[in-house]
Amino acid sequence: MTRPSLSQFVALVCIGLGVPMPTFSQSAAPAEAAAYSTNGADTCLACHSSPEVLGIFRTKHAAPVDPRSPFGHGQLQCESCHGPGGAHAGMQQVDGKLAQVIRFEKGSAAGVATQNGTCLGCHEADTGFATHGGAHDDNDVSCASCHELHTATDAVLGTSTQAGKCNECHAFRKSDALKAYSHPLREGKMACTGCHSPHGATTENLLVRQTTNDTCYQCHAEKRGPFLWEHAPVAEDCTNCHDPHGSNQPAMLVRRAPLLCQSCHSQSGHPSFAQDAGGLATGAPSQYLLGQSCMNCHSQVHGSNHPSGSKLMR
Amino acid sequence: MRDMRWTLPGLLPILTIAASALFAPVGQSATPDTSEWKCERCPFASGYQADVTAGSSYVSDDAATIGDATGYDEQGAYVNVDGAGLYATANHRLSWRVEDLGLDSRVVEIDGARPGTFAYRLAYSQLPRHRFDTTSTIFTRSSGNLLALPSTWTFAGTTSGLTDLAASLVSRDIESERRTLEIGGQYLPTARFRLFADYQRQERDGTDILGGSYFTNSSLLPRHFDYQTDQVDAGIRYDAERGFLKLAYYGSFFDDKFDAVRWDNPFVTVPGAEQGALAAAPDNDFQQLVLTGNYRAPWMDTNISFSAAMGRGTQNDTLLPYTTNANLAAGALPRSTLDAEIDTTNLALTVVSKPFPNARFKFAIRYDERDNKTSQLPWSRVIADSFLSGETDLNVPYGFDRLRMNVSGDYRPFETVRVAAGYDYTELDRDFQEVAEQTEDTGWGRVQWRPNQYLDISARGGISRREVNRYDEMLAASLGQNPLLRKFNLAYRYRQFGELSASASFPELPITIGAQATYADDSYSNSLLGLTAGDELRLAVDVSWSVSDQASVYLSGGFDDIDSQQAGSGAFSTPDWQASHSDQFYSAGGGLRIAGIGDKVDLQLDYTRAQGTTQIDVTGGGGPSRFPDLESTLDSLRVKILYRWSEKLEASLQLRYENFPTEDWALQGVAPDTLPTILTLGAQPYDDEVWIAGIGFRYLIGVQ
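So the protein lines, in turn, are chains A and B. Just so it is clear: in the first sequence, position 100 is 100 by the numbering used here, and no numbers are missing. To get the numbering used here, take the position in the second sequence, counting from 1, and add 1000.
Keep in mind the hints are simulated off the structure, nothing from the lab. Ideal Cβ positions, reconstructed from N, Cα and C, are used throughout, including at glycine. There may be inaccurate statements among the hints.
As the list claims (entries may be wrong) - Between beta-carbon pairs, the in silico distance windows are:
(1) Thr161/A x Ala1671/B: 41 to 47 Å
(2) Asp1226/B x Thr114/A: 39 to 45 Å
(3) Arg103/A x Asp1226/B: 28 to 34 Å
Stated by the list, open to error - Lysine-lysine pairs mimicking DSS-like chemistry, simulated, CA-CA at most 27 Å apart:
(4) Lys106/A x Lys165/A
(5) Lys165/A x Lys1640/B
(6) Lys223/A x Lys1257/B
(7) Lys311/A x Lys1640/B
(8) Lys106/A x Lys1354/B
(9) Lys223/A x Lys1640/B
As the list claims (entries may be wrong) - Partner residues are not named here, just some residues of chain B that face chain A (Cβ under 8 Å, in silico):
(10) Ile1236
(11) Arg1237
(12) Pro1282
(13) Ser1336
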């Protein structure tokens, strides 16, 4: 039996699902040289003068003194971003519809590549060096999916409002922030960009610093050491024990102590003993289970700088 | 460790190639003659504009969890101010923003710029943390950060004999505050160059919980801490037609105001061990040079990004003596400071190319090294300031280097379908640990289907296998470990994972629906002791409906189930106990927005319920296996009604309800003297319920 090709397979699936057949991709036909408007923004604003549009003039994009700004001297004003608007302003018809300019929104006919190409024309370096091939680029996320340009306060740039915007796609992070132990994103006192560089980075998970630990140490430098007595998993990766997005467990631990500790410590004696429910306050209260559990005594779990601290108790 | 060092001479050829590529000329696109464009209709920002909200709130009860990060921790009235403003001239922009000015969570930000020439920023923020308000202690902090016992105190071997305990307990909240000051700016001497510098100072002080042990006893201490971290980011960036180069410096300097946490031991001790001392976090610094760059090659739509960083962390705090016990002849320290040093190297290269319009390839490689150059020295050990151990321990300067490689490609056989596949490789070499060499191979594939702009469905799945060259049981035995244990981060692991996501928009209604699911299953099949298995399932759904131009409704929900199994051996032999740990969490929320009710009133309503449950079973210990569930439930309701008096003035009424009861057997019923050998702070599970009612007036100043 001859195996179906991928195209045939997709065709079968489409027929089965009752959806229109996909069309084969084609390279874009060379566009005709598009004309710009005759008077720039004055042409555009003759029709588009709603507060939603005029909000651009409260932003850095509308700074005449900045030669790099779309409204800088000699620049193309609205058409710097929206592309040549001559046909649109001249009410020309294309395929029976009014000729369009580049619109920055979901479902725009311009497509993500064109939209982002427009933004990156000026912001290539601003967006970091790894936009191309970064996670957002891989998933065809447009700049306008996150950024609002015609408003003085772009929600994704505000500490208190940023997480709401990111969570529109990163839904798991939204529920993480509601967990009993989490960083203060729900309260609007921390932004995702405190740790992540959404425009791209060569680091794992788009972290702002070179490693996970370097990122954590920005706010938790007391755990950086290097200590006289290091705790090996701590020095290697904070996420061995913590889930920074949130957890049911205190200190955002990935599991409850003492089980978390016992998954690596099996020394003869109390580290290896089963700590079952008989050790609760209602039974025979166990110092290995209650209060701070192992940290009742081994409190220097991030490392100790005490000469007698090899057991992380000093 | 790999012998991989990047010296300046070594980097020069790369820099030369990168720089010559950056300077390569590219074609100029034609632009129209804009000399006659006047922009007379453009309402450029000019003059002063501001938006200020002043109001007052009343909080119904004291509540640590509600006050955590918000500042609403105590019952009573609060006055608050929020606002933002902009002052603009033809050449300058100055904006400011204040948030929660009347609360401990206040934020003040000032940003200014002469656009295109320079920009500056000044910001200050506070972040209050409230961990427990149910704690009490016998200790009083005196000079030298000593936690002293009450003047009248009867010592005993266990907490039941501490007869002065009840009368000596004083309420002490576990709380802290972070204050952050930021000053920064950038200067653009030419269109291509950018100089930037940012300075940040974080101060953090307060009280946390630290266990201070004394042989078989311990006291949970309300430890006072006072930290300061200064951080500097500064550098220069050059933008070229086809990329950029950036050279940056990062420095982080941590200062702990205290060298130790000292406390009076409340238990009967051996002579001389009446006072204990824990080492405080040592002062340390980390400095790093980072060179990053990007080149957009003119061939095959190729983009090359790279990063090279070299850093050094040091720590030379004066060490405490072996013991506070003058009766013990512990000897001299090998040195008075550790003079610890870590060198870090981080190199990365990413190449993305689109040789065809419907195909893309990506190659990424990354190398991270933590080279711990701290000397290994022999250290004596005093056990809990009470006994000489008689042993000599060598400190272990852990280090590692990690190589990550990723090759992936995606292809669009049709306009609506994209398929992708990739292979990830990780190699991790460690010093002084049970596993010296570890590799992980991951293969994955993804299919995405976008039949139109309103529907997007994608599925991703793969497998990953982590192998170790050898688990050094001799090394493990030297640390007293059971030879059958495999630490979970060093163990063989087989992982299967999958993700599904879908989003759909129905523009006629208009409704948008998004759903995501992810699953991972881990098997540590070579581990007899330690973590043996784990799996994770996560689901999320979001629905939003724009009922009309004025009204919208949303619903969201999430579910997590994170399970793990592990085995232990109380007999220091083969497995004789098993444990399962199951974290479940669900959240559900909804809300609505109605604007312009009677042209005057806006309404916002949000309700969220989140519930976490942890189930733990430990079998084989001889006692009851099933623990009571660890539970936390959050109910949060927020209502805001806004009334527009005029174009300039609005009034708002806000109502917020938060209820956060928890069940936690580690705290429940654990009074300071419940544990015979541990004097605790008596922290109890959270059970907070608060109403916050507020009224505010928003006034707009200037032309908006």
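Against the structure, the hints come out as follows:
no.: 1; hint: Thr161/A x Ala1671/B: 41 to 47 Å; result: holds, 43 Å
no.: 2; hint: Asp1226/B x Thr114/A: 39 to 45 Å; result: violated, 54 Å
no.: 3; hint: Arg103/A x Asp1226/B: 28 to 34 Å; result: violated, 54 Å
no.: 4; hint: Lys106/A x Lys165/A; result: holds, 15 Å
no.: 5; hint: Lys165/A x Lys1640/B; result: holds, 20 Å
no.: 6; hint: Lys223/A x Lys1257/B; result: holds, 15 Å
no.: 7; hint: Lys311/A x Lys1640/B; result: violated, 53 Å
no.: 8; hint: Lys106/A x Lys1354/B; result: holds, 24 Å
no.: 9; hint: Lys223/A x Lys1640/B; result: violated, 41 Å
no.: 10; hint: Ile1236; result: violated, 12 Å
no.: 11; hint: Arg1237; result: holds, 6 Å
no.: 12; hint: Pro1282; result: holds, 4 Å
no.: 13; hint: Ser1336; result: violated, 10 Å
Checked against the numbered hints above, the structure violates hints 2, 3, 7, 9, 10, 13; every other hint is satisfied.
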